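Protein chains in written order, with our numbering: chain A, 1 to 191; chain B, 1001 to 1102.
No lab work stands behind these hints: they were computed from the structure.
The structure presented is a predicted model; accordingly, all values stated were derived computationally and were not measured.
The beta carbon of each residue, even a glycine, is placed where N, CA and C say it ideally should be.
One thing to keep in mind: the hints can contain errors.
For each label pair, taking beta carbons as the anchor points, the in silico distance ranges come out as [stated by the list, open to error]:
| no. | chain 1 | residue 1 | chain 2 | residue 2 | range |
| --- | --- | --- | --- | --- | --- |
| 1 | A | Arg185 | B | Gln1054 | 38 to 44 Å |
| 2 | A | Tyr25 | B | Arg1088 | 35 to 41 Å |
| 3 | A | Ile63 | B | Glu1006 | 52 to 58 Å |
Residues per chain, in single letters:
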Amino acid sequence: MDQELLARIDLIERMVSQGRRSTEYWGWCFALWGTGQLTATAWATRSGRPGLAWGVTMAACGIITGLVMARKKATEQAETLVSRSLGAIWLCFGISITLLAFVGNPAGIFNERSFCAVFLALMGLTNVSSGIILRWPLQVVSGIVWWLAAVFAMLGPEKMVPWTQIAMIFFGEVVFGLYLMARERTARRHA
Amino acid sequence: MPDLPELDQVVHGQLRLAVLSILSTVEKADFTYLRDRTNSTDGNIAAHLLKLEQAGYISVEKTFLNRKPMSIYRLTSAGRTALTNYIRNLKKLLGAEFNKQK
Chain A
1 MDQELLARID LIERMVSQGR RSTEYWGWCF ALWGTGQLTA TAWATRSGRP GLAWGVTMAA
61 CGIITGLVMA RKKATEQAET LVSRSLGAIW LCFGISITLL AFVGNPAGIF NERSFCAVFL
121 ALMGLTNVSS GIILRWPLQV VSGIVWWLAA VFAMLGPEKM VPWTQIAMIF FGEVVFGLYL
181 MARERTARRH A
Chain B
1001 MPDLPELDQV VHGQLRLAVL SILSTVEKAD FTYLRDRTNS TDGNIAAHLL KLEQAGYISV
1061 EKTFLNRKPM SIYRLTSAGR TALTNYIRNL KKLLGAEFNK QK
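The shape of chain B in the complex, shown without the other chains (with noise of 0.2 Å):
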């Protein structure tokens, strides 16, 4: 039987992947779409936010609009090598499941 593969514990969190997922598909998002896109709340996505950053997979820009503060956030490339990882490996665990089903 293969080794079956780890997930990458940060990037499995619901919460925080949903944040990678959605940054992948756009250039830059800031706070307040990234929250209500994942219908979350102000403290709770701030943390897995924070988790992201710390991982090195996302990056923040700190910013001002119309004197009002603005997070704009972005993918690294760490951060893009880790989601792609990640969906690699649970399409193997996934077909390690199908396979073990048939």
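Next up, chain A with everything else stripped away, as it sits in the complex (with noise of 0.2 Å):
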């Protein structure tokens, strides 16, 4: 057997395997966007000024998370269709997020529990659409979770739906990025 031949294919096998392996770690982001949304809540409730305290945490999130991923790109960089794909949703999330809190809000289109709704329905899109694109069933189920949750925002006892936006807020964001940060550290110690 001509092991050159046998050494070029195993070669390919573990280069293929190398520009599939992800090299971009988002547990981090989870966790920082979930504790900036639990601090803004908490900020507003007792500040009584939620305008202020959630412009001021988001923008806080959004210029951390511009800083780190600049100089994630800064040291090297590989674009896949899977990363494209999965940071046009989040981004197109981001921007429509955005839009409806700071645009919608202020016009008095939603009341609390509409915006929560929306916000759960959309955080279930973005998670459901990630799972599929990285056939990873448990981030779907995750997202079915954040579905369920806008089900019982629109369906619940009103005074329910807060409590129920800052459960999924801590489990679905800041407890899924402590996790996913966790698995990312034990993939970067077996690469």
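Fit chain to chain and form the complex, with the hints in mind.
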């Protein structure tokens, strides 16, 4: 058997798997934005100035995300169709929710219940889409839970709506993000 | 006995094959990414990237990020065809080896 030819086959397989291996780590992003949203909720409740609390906190999260991504881009980069698709979905989600929050809310289009339902449904959409692209059942299930929470926000008792949102942000973003970070750390160790 | 195919020598080089294999799975990759994934050095990979570029198998886009020069590489359609043909020929050769052993 020609060992050189076999070595070439092995090389192709190893390099293809290197290229397919995700170099993007997003656990920190979930944890950051989840913590930001919980901070904004607490700040808005205490101060009674939701516009200021959400504006400042979300802007801070946006700046931190931008800085971290710029730093990552400066070190090494490769773009795959998967990474571009995921980036597009989450970027469009971010723009949509920002428009709804900072244009729709002051215009009086939403009340707390309807905005919460829209937010939860959009989180379901982005998580399920990401899960389908990544072929990762856990994220699909997470997205379905976000959708169920959206249904609960529409049909459940009104006083439970803010708590539903807080619980979903905590478990669906902060805890999910920390879990992702732990997974990514393990993957990096075995890379 | 059937004629055995020739392997494209531009693709056959170990480092060049590694680069083409990686680029076949990503849309684009920068110099640092390719160097690190192939465990190569700046000078070594640069020479092989140039050879692939001269063969028309990859394209390079020179740009700047934070005022630092950056080279972004992509697999061209000629490069994809060359890699596909190379793998097909490799399989044929290995098939011939298998048949010889039986």
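Hint numbers contradicted by this structure: none
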